[in-house]
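Novice: Each chain is listed here by its residues.
There are 4 protein chains.
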Amino acid sequence: MSSANQVRSGDLVLLYLTARKRWLVRAIEGEKLHTHRGIVDFNDVIGANYGSTVSTTLSEKLWIMMPSIRDLLMKSERPTQVVYPKDLGAIAAFSGLGPGKRVVEAGAGSGVLTAFMANLVRPNGRIYSFEIRPEFFSVAERNLKKMDLLEYVTLKNVDLQEGLDVTEADIAVLDLGDPWNYVQVMRGCLVAGGMLVSICPTMNQVEKLVEKLEEELFIDIESMEIMLRGLAARTGMTRPNMRMVGHTAYLTFARKTIDPNKG
Amino acid sequence: MSSANQVRSGDLVLLYLTARKRWLVRAIEGEKLHTHRGIVDFNDVIGANYGSTVSTTLSEKLWIMMPSIRDLLMKSERPTQVVYPKDLGAIAAFSGLGPGKRVVEAGAGSGVLTAFMANLVRPNGRIYSFEIRPEFFSVAERNLKKMDLLEYVTLKNVDLQEGLDVTEADIAVLDLGDPWNYVQVMRGCLVAGGMLVSICPTMNQVEKLVEKLEEELFIDIESMEIMLRGLAARTGMTRPNMRMVGHTAYLTFARKTIDPNKG
Amino acid sequence: MSSANQVRSGDLVLLYLTARKRWLVRAIEGEKLHTHRGIVDFNDVIGANYGSTVSTTLSEKLWIMMPSIRDLLMKSERPTQVVYPKDLGAIAAFSGLGPGKRVVEAGAGSGVLTAFMANLVRPNGRIYSFEIRPEFFSVAERNLKKMDLLEYVTLKNVDLQEGLDVTEADIAVLDLGDPWNYVQVMRGCLVAGGMLVSICPTMNQVEKLVEKLEEELFIDIESMEIMLRGLAARTGMTRPNMRMVGHTAYLTFARKTIDPNKG
Amino acid sequence: MSSANQVRSGDLVLLYLTARKRWLVRAIEGEKLHTHRGIVDFNDVIGANYGSTVSTTLSEKLWIMMPSIRDLLMKSERPTQVVYPKDLGAIAAFSGLGPGKRVVEAGAGSGVLTAFMANLVRPNGRIYSFEIRPEFFSVAERNLKKMDLLEYVTLKNVDLQEGLDVTEADIAVLDLGDPWNYVQVMRGCLVAGGMLVSICPTMNQVEKLVEKLEEELFIDIESMEIMLRGLAARTGMTRPNMRMVGHTAYLTFARKTIDPNKG
Chain W
1 MSSANQVRSG DLVLLYLTAR KRWLVRAIEG EKLHTHRGIV DFNDVIGANY
51 GSTVSTTLSE KLWIMMPSIR DLLMKSERPT QVVYPKDLGA IAAFSGLGPG
101 KRVVEAGAGS GVLTAFMANL VRPNGRIYSF EIRPEFFSVA ERNLKKMDLL
151 EYVTLKNVDL QEGLDVTEAD IAVLDLGDPW NYVQVMRGCL VAGGMLVSIC
201 PTMNQVEKLV EKLEEELFID IESMEIMLRG LAARTGMTRP NMRMVGHTAY
251 LTFARKTIDP NKG
Chain C
1 MSSANQVRSG DLVLLYLTAR KRWLVRAIEG EKLHTHRGIV DFNDVIGANY
51 GSTVSTTLSE KLWIMMPSIR DLLMKSERPT QVVYPKDLGA IAAFSGLGPG
101 KRVVEAGAGS GVLTAFMANL VRPNGRIYSF EIRPEFFSVA ERNLKKMDLL
151 EYVTLKNVDL QEGLDVTEAD IAVLDLGDPW NYVQVMRGCL VAGGMLVSIC
201 PTMNQVEKLV EKLEEELFID IESMEIMLRG LAARTGMTRP NMRMVGHTAY
251 LTFARKTIDP NKG
Chain L
1 MSSANQVRSG DLVLLYLTAR KRWLVRAIEG EKLHTHRGIV DFNDVIGANY
51 GSTVSTTLSE KLWIMMPSIR DLLMKSERPT QVVYPKDLGA IAAFSGLGPG
101 KRVVEAGAGS GVLTAFMANL VRPNGRIYSF EIRPEFFSVA ERNLKKMDLL
151 EYVTLKNVDL QEGLDVTEAD IAVLDLGDPW NYVQVMRGCL VAGGMLVSIC
201 PTMNQVEKLV EKLEEELFID IESMEIMLRG LAARTGMTRP NMRMVGHTAY
251 LTFARKTIDP NKG
Chain F
1 MSSANQVRSG DLVLLYLTAR KRWLVRAIEG EKLHTHRGIV DFNDVIGANY
51 GSTVSTTLSE KLWIMMPSIR DLLMKSERPT QVVYPKDLGA IAAFSGLGPG
101 KRVVEAGAGS GVLTAFMANL VRPNGRIYSF EIRPEFFSVA ERNLKKMDLL
151 EYVTLKNVDL QEGLDVTEAD IAVLDLGDPW NYVQVMRGCL VAGGMLVSIC
201 PTMNQVEKLV EKLEEELFID IESMEIMLRG LAARTGMTRP NMRMVGHTAY
251 LTFARKTIDP NKG
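If you're matching them up, the sequences are chains W, C, L and F in order. For reference, each letter of the first sequence is one residue, going 1 to 263 in the working numbering. For reference, each letter of the second sequence is one residue, going 1 to 263 in the working numbering. For reference, each letter of the third sequence is one residue, going 1 to 263 in the working numbering. For reference, each letter of the fourth sequence is one residue, going 1 to 263 in the working numbering.
It should be emphasised that the hints constitute simulated quantities derived from the structure, not laboratory data. Check each hint, because a few of them may be wrong.
Computed list of lysine to aspartate or glutamate pairs in EDC-like fashion (alpha-carbon distance at most 20 angstroms, straight line) [said to hold, decoys possible]: (1) L:K75 <-> F:E222; (2) F:K21 <-> L:D41; (3) L:K61 <-> F:D220.
All of these numbers come straight from a predicted model, not from anything done at the bench.
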């Protein structure tokens, strides 16, 4: 097993007990994690192989896992409503997000979608993200820093209506309550043929947004919702999960065209 | 407008008329596209700006768009059942797929999932994809080449049961009818803590797979289905689409742990 | 086997070949049914037991079944959009529909919902159904007569806005495009505590209706959509159906209260 | 307002505060209801009109409503898993349930489905319901008595495998964990052409049941699931409910044919 697979002091690790009981922690030499299942001494974690277990003082075994981007997102600070993984995935698949893309986002909120996108455009792409509310700007910054993704993001605490100094973006993301008010601003940031993405919880928002998108000469406008239902697979008694999230948000995708009059 | 935004001879372009009528073509100097809405002369396309229009001989205006990865996937050769965008997205969000990841896949099928993943692991990651059936191997190779993604993929026409020479993969993908028969092989390819992903249409497959995954000490096993429903947003008459796909496949995710006895 | 289980001349019978190939016909002595699978002589059907088969001239065996109310509804004349069985069921379960209930309905449309309700309120209940468009009024009348349900229905070809001469109805059903315009009329028809039901395809209609219901002092207002997905159960390969209907209509239920000022 | 619309002593009434806060109580002269919103004196309720309000000692106004069958079902004793309204509705719509039908059911469980069906077959139909577990038999009996529906039900505390003395039933309902073991018994109870209905939570149960139904010459076999999602309609911010039930049970419907060998 290569040393790359061993926990080093300072690593973010996921300690996994069950689907619902899992801790995302930084393994610092000499420090400890206190849980209701006992205490974990990080000295026992550092040097251990990922995929192995560590015992708590109550003899509970926790699996030491390398956190995935989803673990990081789910365990981030989130004072705002955040975009769910099912919706993040659809944004990745339908917007053309990927390495090297330039993305402009408003607003950053808690930075969860920002982080997801930053992780996918690395190392040559970049996210330009705007958040007017200072308290969320700080949360987003902290979250991105904790996930080591801040270097791929230009995060600004400004009012969008004053205009953005971003041009030739491949993707523009609107994650705020009145996206129709920012379609023109985003149009200015996007490359011709670029993709606009919007996340809206209500049907009325989608309706107003789509009207504005048509007015601003966007084409290939598509709105959708993504539903995720777990399957509880157990020998001889497999069935869908009894509980599911009923609704998060509608996603809208549209492509910018060039207006001969507006350039 | 920068020249990067102008069509060059040899570019793959998307000519867009409506949501249902769109053509993915290579713009070759001197060649033409024949459609039921008239003929497009590629000489009119080359040099045009992306986001602008070209007229057919029947005066129909088509939008010239830069194809997204989704356009490429949807227009690829597909003699096999392929993974739908809604499921591709969930795979991206739940598996930790992203730049730099090493992925092993069996089987390649038409190469649609392969291409989606190759696009996301660029430029430093790599997909090792295996396909035993020679006819699909060729399709996958052609599709990847057409999308300029073959350089990120090691595509092999071999029998998986003979073992794979891949190790330390971050993600292992099983997209075949009897995934339980390949869990051990994939276990050998994966780094400790690595993620296994499987795509199965029936609940019986999921049930057998999950049994095997538990036996092979995978943890954090999660199965799900993703449903996508379009929203038809029109002023004063917004409603979900009347038509939707009822089912494609269940996705299963699980993480490899280290068995002290098996190493 | 009692004679009640034998087909008599004049009976409506369902001839069943497969889930998709089924005929609802009246078995008339001396007449024949022509199908692409051969000809059925009704003389072979009359006197046969329900649940048995009859052979066509091409030796195809068709099952002779007593039609259920659903068969009758699905095979009725339907020049208009009709209410789907999944929605009919929810109306039955959520509105309190049942034997003895007095129901007022606007508009009758093709009479499919009318017939479903008439079948459930028998023998002592009654449906008062209104349809302003003469062409649909005739269709509804024909459909109800064919199903032997017209005797439980008072069907009128009038303009609702002129007021209805129905009072003390237990349930009021609005199945038309602008239900908010008829809430007051329906309020007048309903018993205090009675249930209003509305069927609307768009969210905008539901929004306007609910506003009006609140204004008119209805309580316990509940809107919902019902999704039905088939399960293809086959040994070792059970999965949801690939095709499903994405959307039909939203159902809204609400209860009338007494306004001390309006009585 | 007719006296039929006034509460009489002994009536079951629904006292409604909000969608989540509602009480189903019998209004008995001289008695009181204690709630966290104050005390209701039934003397204030008796003689009041349905649809009007009564005040608690804390000046909270509760609406006095006539309970619908759904209110009765939702507020019944339920020590067992019960059938949800969305599924009850589909059973009504897809099985042909209605006035005059003879129905055989196994097992009765808490009697919720029994009561729903009894209400719909009144006054000339009948439910024959069997429950082997004495404790549930008693619950079902109490629930049916409370809803004034016991007179339409023959409820027996017997072992089904000993055979049932019911013949010529129009509908047979299997609501137990191993329905495949009772298909033959139910076949014997059903009229030729009669409808079998089964409620099963897992896919494996449906698979085994359908195998058995095919073996026993049932046709038109159809399995489905019903999903209900609420719509939160509010001016300018209408969206689906964030919470929904992910899964309850699969419904299976099938029709009995006559086996020339078995009669």
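Novice: Against this structure, judge whether each hint is valid.
Specialist: Do the hints match the structure? See the list:
no., hint, result
1, L:K75 <-> F:E222, "holds, 18 angstroms"
2, F:K21 <-> L:D41, "violated, 61 angstroms"
3, L:K61 <-> F:D220, "holds, 14 angstroms"
Comparing the model with each numbered hint stated earlier shows that hint 2 is the single one that does not hold.
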